[in-house]
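S.K.: With these hints in hand, go ahead and build the complete structure from the sequences.
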Amino acid sequence: MKKSVFFGALTLAGLAAGAAAAGTMDDVKARGKLNCGVSTGLVGFSAPDANGEWGGFDVAVCRAVAAAVLSDPSAVEFVPTTGKTRFTALASGEIDLLARNTTWTFSRDVDLKFEFVGVNYYDGQGFMVPKELGVSSAKELDGATVCIQTGTTTELNLADFFRANNISYEPVPIETNAEAQQQYLAGACDVYTTDASGLAATRATFENPGDHVILPEIISKEPLGPLVRHGDNEWGDVVRWTLNALIAAEEYGITSANIEELSKGTNNPEINRLLGTEGTLGEMLGLDKEWAKRAISAGGNYGEIFAKTIGENTPVGLARGLNAQWTNGGLMYSPPFR
Amino acid sequence: MSKQIAYVRTEMLPQQAPPSTSVGAIGWMRANLFSGWLNTAITLVSLLVILTIAVEILPWVLSPTWGGTSLNECRELLAAADHGSGACWGVIRERWIQLLFGFYPPELYWRPILAFVLLALALAPILFADKVPAKLLVFSAAYPFIFPWLLWGGMIWGPLAAAAGFVLGAIAYRVVSGAFSSLLGVIAGVVVALLWWLLLSGFITGLLDSILPIGLEPVESRKFGGFMLSITIGVVAIACSLPLGIVLALGRQSDLMIVKYLCVGFIEFIRGVPLITLLFVASTLLNIFMPPGTNFDIILRVLIMVTLFASAYMAEVIRGGLAALPKGQYEGADSLGLNYWQAQRLIIMPQALKISIPGIVSTFIGVFKDTTLVSIIGLLDPLGLSNAIRADANWNGIVWELYGFIALIFFFFCFGMSRYSMYLERKLQTGHR
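These protein sequences, in sequence, are chains A and B.
Following UniProt numbering, the numbering of the first sequence begins with 1 at its first residue and continues without gaps.
Following UniProt numbering, the numbering of the second sequence begins with 1 at its first residue and continues without gaps.
Everything labelled a hint here was simulated from the structure, so no lab data went into it.
Remember, it's a predicted structure, so these values are computed and weren't measured experimentally.
One or more hints might be untrue.
DSSO-like mimics (lysine-lysine), calculated; alpha carbons at most 27 Å apart, straight line [said to hold, decoys possible]:
| hint | chain 1 | residue 1 | chain 2 | residue 2 |
| --- | --- | --- | --- | --- |
| 1 | A | K29 | B | K223 |
| 2 | B | K369 | A | K84 |
| 3 | B | K223 | A | K84 |
M.R.: This is the structure we're talking about:
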C-alpha cells in the first residue's frame, strides 16, 4: 500500500543531493553549513540541550571553525556519530570535520588516512574507587574487580598496566558509561576505570561524590583532538590554525570580553597578526583577515571554553592540569602566528 | 404396596438468590483465587510479592521532583520533602518534547502531529472496514504521498510526480492489457512508471518548482529523532513489508523457477543476516560504495533496510498461512475457473492472511521495537536520545526515569497493536476451528 513512500522520499532525497566534491572548504562555503561530527553524547564535550542546541567542549571547536569560515558560529550541522560510525562518516565525506573526543594514534593518522590537526584535550586513563576501600594508589589494587568498557583502548591499557605491575584483577565487562555508573554504585566492582575526564564527570553525578576518590595514577596517553580527511591540506590548515588561534588567544590574553578593543590595534605585533590588523595571515588561509577574531568571539579563547564547559566551576569540574598553557606548566602550546 | 406419603409440596418454592459466597466478588475469588489449598497458597504468595514490589517502587515513582531542573536539584527536593530515594521526574518534564520529536523545529511540530493524525484517518478504513465508510479508501491511497511531504516538506510537485507515476502505470496497464494480454499490460505499466520516475519526473518537477513554488519548508532527516523517528520507521516498514512479504511468499511457492529461486535466495539471505549488520551496511558501507558527494538520505537508507528485513520475515509468516490452507481450497478455486490472481485474491489470500494474523502482528511489533537499533548508527531515536540527555551535565546519572518513560510509550503502542490483532481475529472468526 505504501510502497510509494519510498519514491516520494527518494524524490526528496534527490532534491537534497549535493554537488560532487571540490575542495572541502569550497564545499562548506557553497553549502553555507559546516557538517561537524560529534559524539552522540558525552558530558561536557557534546550534548544537546532541551531546545536541541548542541553545546560542549568539542562542539566549541566546530563552532569556532564555522565562525572562521562562514562568519556564523551557528552555521553548523551537527552529525551525531558513535564510536563505530565516526571514521566512515569522515572518510565518506558525510562530515567535514570530526570533533569527537578521538584519541590521536599512529594507526588512525597513518593507516585510516586521517589528519589530526592538533590536540584540544590531553586525557589519560584513571581509576576511581570508593573511599572506604582505603586505597591510595592503583598499585594496591591487587585482586580487585574492575568495571571496564569492552572493545576500547582502555581495556588494553588496563591489561598492560596490571601485567607491568605484576598484580591481578578481575574484569567486569560493561557496555556504556551509564551502565558502568550503575554497576559501580551497586558494588558490582571495586574499581571503575575510564578516561580521567569521564571519571570526573561520573563522580560529579554521585549523590555523595566525596565518598569516592580518583587515584593519582594515569596509565595511558589519550590526546584527543579534531581530525579531517587526508589529502585536503588547505582544509586541514584552516581547522588546525583555528584551533591554534583559540589556544594562542589565551596565551596572549585575548578574551571574548576584550577582543573588540584589542582588534583596534595593539603594541603586540603577534596579537595584531592574529586579529588581522597587521599582516595577511587570513588571506594565506584563503579566508579574510578577521577569521581568527570571529573564531575567538564564537565561544571565547581556549581557556574560556574550557572553563565554560568542563572547568572547575562546572559539574564536570576538571582542573586544567596537562591542559594548561605551556607558560603555566601545561602542554597547550600553539606555534607562532607569523 | 402403596406407601403413606406424608407431605407433598404443591407449589414451587420462590427462587432464592444464590448464596453470597458463590456470587459477586467473593464468589469470583473463591472460584478463581482460593479454590483449593494449593491455589490459596499461590494466591497469598503472589499477593505478597506484588505488595513488596509496590511498596518498593511506589515511593520511588511518587516522588515530588517534577519541578527539578537538574539531578542535584531533584536530590535537594527529595531531601526537603524528607522523601528518601525517589525518581527525578524533572528530566521528563524538561525533555519529553525532545523525546517525542527529536530536533524537529518546534514551530513545525504541527506537521508530524498532523501526519500521524491523518495516518489514523488513513488506516481507519483498512483496520475497521465495517465501521468506516469505504470512500475513505481514496484518502488511504493518497496518504503515502502526503506522509513524506508533511514530514520532510519541500515542494508539493515531488510527491505529486511520484503519484503520477502510478497513475501513468495504471493507464498503460489498462490500454495494453485491453489490446493485448494482461502480462504485457503489467510489463508496460511497470516500464512506463519507471520511465516516468527515472527520466521525466525529475525534469518536470524541476520545471514546476520554478514556475509554481508551492510547498512546505523542508526539514532535513538529521532533525528527525525521538519517537517521531521510531514511528516513522515503524509505520513505513510495517506498511511496506506486508505487500512485499505477500509477493515474496507467493514467489517462493511459484512454479516459475527464476522467480522462485530469487525469492528463496532473498528471504534466506535477509533472514540469515542480523538487522544490525544491515543497518551498518546502510550507514557506512553504502557511503563508501557511492560516489563521493552523493547525498543519499540516511533515514531513507535505514527505511529500505528495515523494510527488506521485515518483509523477509513477513514472507515466511504468510507462507505458513498458505501452507495451512487445505489443498481443497486451491482445487476449489481452480474448479471455479478462476485464474491465478483471481484465486489468490478471492479465495487463498483472505484465508491465509486470516490464519497468519497473530504471526503478522507479532512481526509488526518486533519491527517497531527493532527501530531502536538505529541508535547504534548514530540516529537519535528515543534510546539514542536518552544517552544524549544523560550527556547533559544536569541529567548525567539518570537512568531509570528515562528508560521507564520510553518503555511506557513503547508498551502503549505494542499493546495497542496486540489488542487490535485479537479484535481482528475475533471479528474474522468463522468457526472453522
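S.K.: The structure should be examined with respect to each hint, and the outcome stated for every one.
M.R.: Status of the hints after comparison with the structure:
{"no.": "1", "hint": "A:K29 <-> B:K223", "verdict": "holds, 21 Å"}
{"no.": "2", "hint": "B:K369 <-> A:K84", "verdict": "holds, 22 Å"}
{"no.": "3", "hint": "B:K223 <-> A:K84", "verdict": "holds, 21 Å"}
Checked against the numbered hints listed earlier, the structure breaks none of them; every hint is satisfied.
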